[in-house]
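Hey, can you work out the whole structure from these sequences and the hints?
Below are the chains, spelled out letter by letter.
Protein chains: 2
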Amino acid sequence: MEDNRNPAPERRDNFRRDDRRDDLRRNDETVDAAALAAELAEEHPADIAEALDEQEPKTASAVLASLPREQQVEILDLPDVDLTSELIEALPVEEAVRLVSEMSADRAADLFRWMDEPARSHLFARLPPETQGELNRLLAWPEHTAGSLMTTEFVTVPSTWTVGETLRHIRQIERTRETIYAIYVLDPITHKLIKAVTLRQLITGETGQPILTVAPKHDPITTTPLVDREDVARLISKYDLLAVPVVDENEHVLGIVTVDDMIDAIIEENTEDVQKFGGMEALDEPYMEIGFFNMLKKRAGWLSILFLGEMLTANAMQHFEDELERAIVLTLFIPLIMSSGGNSGSQATSLIIRALALGEIKVRDWWRVALRELPSGLVLGAILAVLGMARITAWQMLGLHDYGEHWVLVAATVGAALVAIVTFGSLIGSMLPFVLRRLGFDPASASAPFVATFVDVTGLVIYFSVALLILQGTLL
Amino acid sequence: MEDNRNPAPERRDNFRRDDRRDDLRRNDETVDAAALAAELAEEHPADIAEALDEQEPKTASAVLASLPREQQVEILDLPDVDLTSELIEALPVEEAVRLVSEMSADRAADLFRWMDEPARSHLFARLPPETQGELNRLLAWPEHTAGSLMTTEFVTVPSTWTVGETLRHIRQIERTRETIYAIYVLDPITHKLIKAVTLRQLITGETGQPILTVAPKHDPITTTPLVDREDVARLISKYDLLAVPVVDENEHVLGIVTVDDMIDAIIEENTEDVQKFGGMEALDEPYMEIGFFNMLKKRAGWLSILFLGEMLTANAMQHFEDELERAIVLTLFIPLIMSSGGNSGSQATSLIIRALALGEIKVRDWWRVALRELPSGLVLGAILAVLGMARITAWQMLGLHDYGEHWVLVAATVGAALVAIVTFGSLIGSMLPFVLRRLGFDPASASAPFVATFVDVTGLVIYFSVALLILQGTLL
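So the sequences go chain by chain: X and F.
Here the first sequence stands for residues 623 to 1098, where the numbers follow this note's numbering.
Here the second sequence stands for residues 623 to 1098, where the numbers follow this note's numbering.
Simulated from the structure, these hints should not be mistaken for laboratory data.
It does not matter which identical chain is meant; a pair holds if it fits inside one copy or across any two.
Listed below are the simulated DSS-like cross-link pairs for lysine-lysine, each with C-alpha atoms no more than 30 Å apart in a straight line:
(1) K680 to K839
(2) K984 to K919
(3) K839 to K817
(4) K839 to K814
Written out as structure tokens, the structure is:
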């Protein structure tokens, strides 16, 4: 954020500098918690959290303890579950229990997803039974679903209420609610969700008016607990929602997914996608924070698999060793031709991965994509073929290199192989995400290196087959 | 969104089906605009827009015209600028002028960024001067900056007002404001921004209270017009904001960037990143909608550049042609070894691109990354070396292939080359994004194919140099 003039980051940098000095005396207790707390009290909770993150857990929790009660909860309610668990674990347990019960339900659930045993069970056992029940319900939903992202703090009112009654109700409960983005109007008997009224719509009403008169005409946009976060994101973005209610089969509201949690989810999702597309497991932690061997594990796995796959190229080459002996000239263009197939494949894959992720295309559209990629591949291949043949001709003519008496045929071989391999690459690259999605995998696992490896092996076979076809009786 | 039970999409599918029938009689006017408008009136604006999108522009604009006035504006205020311009251009100009002046300023600006001449100037000339001035101010900001994303519809009140006065004020102007996420409290004399009060905080106050008493302690989080949208996204996500005020050097509020625009921006940004990382220009349009040749242009450019770069491999191979003649066995492992360098490079690049995009690391951290990638590369290379040498030994022992009397040296060559090339790949792959950022380019342009090409060329040289070193006097 270096290039924006919001004052907070600068203050943050000061803490960084303090912190560097602190490094020298990390472990003695010279950092006066009360003093630091007083200094921080006026900051935005997110900046306080950042300052705490740079202190020793013991100091940080001491600082937290000396902050005003509501600020403590605000800080623990921030998405940085790493810090939260650090603070909670460093606090005296009854203090921890008190704070956890006051935290917003979704953050508390994240905390318990993250905490290690035995601290986890130890703390959980001390929680009030109703909190335990609520957490167990939230923890039951699979990761990355609406259910796992939702918070159970939301405001519902019966459709019989007036604007004034609703406003009074909000005033009373506001402090106990992390987020009020909309008011959910329920049928007074069935408790089914009827309408969603935004705060803005509420405010425009007169206090005497029935709440339904300020509600929008259309039905509320809802989702269900098992919907993937990518689909929830699409919903929130399409309907410009601040929060989307998660309902069960009886249209009872179970919780809400808020836009700020959604942004964090989208950013996380995209980091995973880019890393997978780069040909590795998603790190799930910042590059600079993840342990060295942990990172190696995430990279070595795919790297080895790709290597084993790529070994087939050695087999292919061995198979054509006699041809190679007879026509060394063919080897000169192997890297050039193979990489072109991989590159066109990588392009196609990146296009389809995103189109699938954004829901622009569905699996059933695979044949339309194929019908686009086939001509694309042919044209792109032709372009490269011209470049390739021009290169050979030029070098031959300018006497930069001698490709032998049959250099024209060699050029023809290279050209033909390029058309075939680039077309093949585009097709494979575009179809692979569909295949993976169909098999129930994440299409994003169709990484650039994966496609390249796939195309390399087949590319070699194509190249030599074309060569045999064209150079039969001359070079081969 | 197939797997979520929100009613809207299902209704949308009905429209789709109608539409397919319509396809047959697209161009006659049998679609009764008034009837369709009545049918749609109860829908969410986003769903109405979707239905309009599937009609002929003439029909769509007729339907729009017969919708209630405020719904018309709501629909045009949606992010789908493609549809908006289609509708506006199909409307009678005075109608278009009326609607554009009522649209939210940021959407109107998008519209004029998108519209083609002469329609654009024609419409612009008819707008009221104050609207023209406001649009020109917004259009002046470069693309992807806070200035280009912000809307000028926001609520400010002097710090002398009470909660009640503010609420009354909002009631009066709400209908003319697309979005009220927060109220910005200004110094009555200097008009500097003092505090940002959320609607929720406002509601909790008693009407008689001064507005400042419901304001948060901390200073408002702000940004400036030229800040990149990625940094604005980080700000909004870090501070869980619904809108961030954009201020000038005098701390006067110029506009606000809202969270829903931000989500669209983040998603767009990530699509661009993945496509660039895939080795092509960002499409900027959905895969299925972009024209065939337009798409080819975006792909052919990079593909050709990469091809020209990869041609250097042919030069390298030519340079080592004598060695190749003498030791064909070396060629067998060229694809295997080169691809490994590319893969490790692609992994490192994807890690650093995201870390830079998320601000986890800054350009000045390049040396720390290098110090992590060097050992990573060595270990990963060693792992592949073991696999590679095992493969050769196994094939030799099992008599699957004869790598000649010096097969042990060949295996050693392959192993040593792998360690060197994978290490080199990780280093290049991780440093390239820094270099690009330093040169003022988007680090995301360091695509997987780009890194692979870079590593292929150098990889060959490394491979043959290692071979010369180890096989000197025996095979070479």
